[in-house]
Each structure stands twice: as C-alpha cells, then as structure tokens.
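> Construct the complete structure from the given sequences, taking the supplied hints into account.
Read in order, the letters of the sequence shown correspond to residues 1 to 61 in the UniProt record's numbering.
Rather than coming from a laboratory, the hints here were simulated on the basis of the structure.
Mixed in with the good hints, there may be bad ones.
[Stated by the list, open to error] Estimated spans, in silico, between C-beta atoms of each pair: (1) N31 with T1: 26 to 34 Å; (2) T1 with S22: 17 to 25 Å; (3) L8 with L55: 17 to 25 Å; (4) S22 with F44: 24 to 32 Å; (5) T1 with C40: 18 to 26 Å; (6) G57 with S22: 36 to 44 Å.
Idealized CB from N, CA, C, for every residue including glycine.
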Amino acid sequence: TVKACLDLLVPWLHLYIDSQDSGSKAFCDVNLHGPFYTACQSVFYTLIFRHNAILEGNMKK
Numbered sequence: 001t002v003k004a005c006l007d008l009l010v011p012w013l014h015l016y017i018d019s020q021d022s023g024s025k026a027f028c029d030v031n032l033h034g035p036f037y038t039a040c041q042s043v044f045y046t047l048i049f050r051h052n053a054i055l056e057g058n059m060k061k
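In structure tokens form, the structure reads like this:
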C-alpha cells in the first residue's frame with residue numbers, strides 16, 4: 001500500500017542523509033546520489049497526489 005511504501009522510503013531517506021552529512025561525499029552528484037534523489041521524488045509525488053487520503057487517515061497499512 002501507499003502507507004507501507006512511505007514507511008519504507010522515509011526512514012531510508014533519513015538514514016541516507018545522516019550517513020552523508022559529515023562525509024566527504026556531501027555534495028550534489030546525480031550519479032552518486034541517484035537512488036536518494038529518486039526516493040525523494042517518489043515521496044514528493046506520493047504526498048502531492050495522495051495527500052487527501054493520507055490526511056483523512058484512509059490509508060491502509
């Protein structure tokens with residue numbers, strides 16, 4: 001379901017950010033950080049197109 005996907009993606013994004021904050025690879029590089037950018041875009045599109053259902057609590061786990 002949508003909620004289950006968000007429950008997987010969002011924590012992974014936070015872990016990725018935490019692992020990159022202090023590293024020498026903390027710069028914009030689409031080739032290096034492509035999966036991160038893809039996951040972010042997935043979350044953003046999901047929130048844009050399913051925000052009403054998410055806010056109303058109609059999303060099944």
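> Each hint: holds or not?
Okay, the hints, checked on the actual structure:
1. For N31 and T1, the hinted distance range of 26 to 34 Å is satisfied, since their beta carbons lie about 32 Å from each other.
2. Separated by about 35 Å at the C-beta atoms, T1 and S22 break the suggested range of 17 to 25 Å.
3. For L8 paired with L55, a C-beta distance near 20 Å keeps the hint of 17 to 25 Å intact.
4. Checked against the given bound of 24 to 32 Å, the beta carbons of S22 and F44, roughly 25 Å apart, stay inside it.
5. Look at T1 against C40: about 20 Å separates their beta carbons, and that is inside 18 to 26 Å.
6. Look at G57 against S22: about 37 Å separates their beta carbons, and that is inside 36 to 44 Å.
Checked against the numbered hints given earlier, the structure breaks only hint 2 and satisfies all the rest.
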